[in-house]
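Protein chains in written order, with numbering that gives the first Met the number 0: chain W, 0 to 252; chain G, 0 to 252.
Bear in mind the hints are in silico, worked out from the structure with no lab data behind them. Just so we're clear, the structure is a prediction, and the values are computed from it rather than from any experiment. Hints may be right or wrong, so weigh each one.
Any copy will do: because identical chains look the same in the list, a pair fits if it lies in one copy or spans two.
[As the list claims (entries may be wrong)] Taking lysine to any residue and the SDA-like style, the derived pairs with C-alpha atoms no more than 20 angstroms apart in a straight line are:
#1 Lys-45 with Glu-16
#2 Lys-212 with Asn-238
#3 Lys-26 with Lys-43
#4 Lys-99 with Arg-246
Number of protein chains: 2
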Amino acid sequence: MLCLVGIGLYPGQLTLEALSALRECEKIYLENYTSSYSQGSIDKLKELTGKEVATLARRQVEEELTPVIEEARTKKIALAVFGSPLNATTHVQILLDAKKMGVQTKAIAGISIFEYVAFTGLDRYKFGRTTTIVFHGENYEPESFYDTIAQNKKAGLHTLCLLDIQAENEKMMDVRHAISLLEMIEEKREESAISESICIGIAGAGSDGSQIKAGTLEQLKKFNFSIYPQSLIVCGKINEKEGEALRALSDLQ
Amino acid sequence: MLCLVGIGLYPGQLTLEALSALRECEKIYLENYTSSYSQGSIDKLKELTGKEVATLARRQVEEELTPVIEEARTKKIALAVFGSPLNATTHVQILLDAKKMGVQTKAIAGISIFEYVAFTGLDRYKFGRTTTIVFHGENYEPESFYDTIAQNKKAGLHTLCLLDIQAENEKMMDVRHAISLLEMIEEKREESAISESICIGIAGAGSDGSQIKAGTLEQLKKFNFSIYPQSLIVCGKINEKEGEALRALSDLQ
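Sequences are here, hints too, so could you generate the full structure?
Quick look at the structure:
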């Protein structure tokens, strides 16, 4: 059986059933390129499960997973995933591939960054489509995340923006970089909907040193978000209740 | 300190940090009206924590919580919440009230139904605003949930519909009832956007007997969703990848 196990955002977020599934498996692979722990280490995961943990890079997950699925035909094999599994299409594809190969599968939910959007004081029900702000590179300057935010804003909705990770270069995007990309696109398009919005930076969600800070883009650029992973919420229409909660929970001035 | 602790959808979904927080608290109150376990019992929670658990009804949470907050001024008190805290505005209000009273607070994330939307095969990023389908009563026939679904559909987005609970009458809405309300509104408005959509019923998310079934409203009405809580997803535009995943994971014909 191939068991996709969500391990949350740090070792303390392992659920009892995830822990017991990992302990029962003969081998644990860790998908190590779509996110990372916000605190604690993979050694802690080894200690808790009493198992070796083999980390897999992007290429190994996306192109070379067939041997792992084959292994799961006769053994209990775990693929551990930061946060919750199946949020990324890669994980859904793994499940489909395993099913096609006739290998039994199971998925166990974990705590993901989505559980933290209401911790800012915003109404969780008022979020629109989610997007990822991606690094620009040579001949690669996508702006689709901007369009998603703009569409949500038009409908009065908030947008959770996940920030890109380039695990192969050990690069995780920070709030400041995400803001610079949004500002660059606004300037080019001569628009100002986002630069006039209240935004919220989240760093190291849920961990001991976690930071949640709401403000204008100008205010957030000056704030030192010092831990990872980081995310950015662009607020849509903020009602009175949310305003009060943002001041109390996200330090909105 | 008042600690709002998310306890997930069943006892096995307790995280290590939630368990340790509950064990450290002198008293555990359980907010018992916005949801319930999908499997397992509150006795299991007592056994795991080694503590008594006092359940609170709606009125006690919404109108009479001041003594509990006062108690938290000098003791560690936990307010356990099914799923994750702060998703309901009631919980945010409790946190704000405690802060105003100068009582220290903490919130610990848990696994909520939102972690399961991608388990259906749908792309988690493509969900619009969430809504709750509520029971109609005498002189109380709200249709705002219909408008939310319709707006999401127009933008091609999926809608997670949570289903109403009347804890005081021990009533939890099931998928069939939710469908009947949607059909009644469509008929009244002479519209057909939702009755022509693919929908997904989810019963007892994550538990051993959990059921996930996609189909037309006609197909879902005939399906026996037998455990609780139940939710309904109304799909927006389904792309090719999602279609394949819905057939494999949600039994779409």
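Cross-check of the supplied hints:
1. Lys-45 with Glu-16: Close inside one copy (16 angstroms) and across copies (17 angstroms); limit 20 angstroms.
2. Lys-212 with Asn-238: within (18 angstroms within a copy, 36 angstroms between copies)
3. Lys-26 with Lys-43: This pair counts as within: shortest intra-copy Cα distance 16 angstroms, inter-copy 30 angstroms.
4. Lys-99 with Arg-246: This pair counts as between: shortest inter-copy Cα distance 12 angstroms, intra-copy 50 angstroms.
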